[in-house]
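**Q** Sequence:
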Amino acid sequence: MISIYRSDGEWVAVYESGHLFSVEGEWLGFLVGREIYDPSGNYLGFLSDDRRLLRKRTLWQEPARRPPPPRPPRPFIPAKIAPAPLLSAPP
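For the sequence shown, position 65 (counting from the first letter as 1) is numbered 65 according to the numbering used here, and the numbering increases by one without interruption.
Hint data in this document are derived by calculation from the structure and do not stem from the laboratory. Among the clues, some could well be false.
What the hints assert, rightly or not - Label-pair distances were calculated between CB atoms; the ranges are:
| no. | residue 1 | residue 2 | range |
| --- | --- | --- | --- |
| 1 | Gly-18 | Ala-64 | 28 to 38 Å |
| 2 | Pro-75 | Asp-50 | 16 to 26 Å |
| 3 | Ser-22 | Asp-50 | 31 to 41 Å |
| 4 | Arg-57 | Gly-9 | 37 to 47 Å |
As the list claims (entries may be wrong) - For lysine to any residue, the following SDA-like pairs were computed, each having C-alpha atoms within a straight-line distance of at most 25 Å:
| no. | residue 1 | residue 2 |
| --- | --- | --- |
| 5 | Lys-56 | Ala-84 |
| 6 | Lys-56 | Arg-66 |
| 7 | Lys-80 | Arg-57 |
| 8 | Lys-80 | Tyr-43 |
| 9 | Lys-80 | Arg-6 |
| 10 | Lys-80 | Val-12 |
| 11 | Lys-56 | Phe-21 |
| 12 | Lys-80 | Asp-8 |
| 13 | Lys-56 | Tyr-5 |
| 14 | Lys-56 | Lys-80 |
| 15 | Lys-56 | Arg-6 |
| 16 | Lys-56 | Gly-33 |
| 17 | Lys-80 | Ser-40 |
| 18 | Lys-56 | Ser-7 |
| 19 | Lys-56 | Arg-34 |
| 20 | Lys-80 | Pro-63 |
| 21 | Lys-80 | Asn-42 |
| 22 | Lys-80 | Leu-54 |
| 23 | Lys-56 | Leu-44 |
Using N, Cα and C, we set each Cβ at its ideal position, and we do this for glycine too.
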């Protein structure tokens, strides 16, 4: 399980087995490479090298909708996690 953060350092999600879950355990979507798609297969953004959820403000063309995988089981989410690593400025 890998913790995912916002640019301000707040813990917002976890990544496990190709899927992204909220800190409450709700399925947020799935990853194809570094690209993140919602449970319906619509493009959301990408995962940066330093474990942040990012989205380009302007895209020439959004990636095509992907067929979603079967809904994964809800993972165990710990009540506490380590603080966010020091994050650089967003790309």
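**Q** Each hint should be assessed against the structure and marked as holding or not.
**A** Hint check results:
1. Gly-18 x Ala-64: 28 to 38 Å: violated, 18 Å
2. Pro-75 x Asp-50: 16 to 26 Å: Given a distance of about 22 Å, which is inside 16 to 26 Å, the answer is holds.
3. Ser-22 x Asp-50: 31 to 41 Å: violated, 20 Å
4. Arg-57 x Gly-9: 37 to 47 Å: violated, 21 Å
5. Lys-56 x Ala-84: holds, 22 Å
6. Lys-56 x Arg-66: holds, 19 Å
7. Lys-80 x Arg-57: Distance of about 32 Å is beyond 25 Å: violated.
8. Lys-80 x Tyr-43: Violated, because 29 Å separates the two Cα atoms, which is more than 25 Å.
9. Lys-80 x Arg-6: holds, 16 Å
10. Lys-80 x Val-12: holds, 12 Å
11. Lys-56 x Phe-21: Holds, because 21 Å separates the two Cα atoms, which is no more than 25 Å.
12. Lys-80 x Asp-8: Satisfied, since the Cα-Cα distance of roughly 18 Å is no more than 25 Å.
13. Lys-56 x Tyr-5: holds, 16 Å
14. Lys-56 x Lys-80: Status violated; Cα separation ~30 Å.
15. Lys-56 x Arg-6: holds, 14 Å
16. Lys-56 x Gly-33: The given pair, whose Cα atoms are some 16 Å apart, holds under the 25 Å limit.
17. Lys-80 x Ser-40: violated, 29 Å
18. Lys-56 x Ser-7: holds, 13 Å
19. Lys-56 x Arg-34: Judged against 25 Å, a Cα distance of about 13 Å means the pair holds.
20. Lys-80 x Pro-63: violated, 34 Å
21. Lys-80 x Asn-42: Violated - the C-alpha atoms of Asn-42 and Lys-80 are around 30 Å apart, more than 25 Å.
22. Lys-80 x Leu-54: holds, 23 Å
23. Lys-56 x Leu-44: holds, 10 Å
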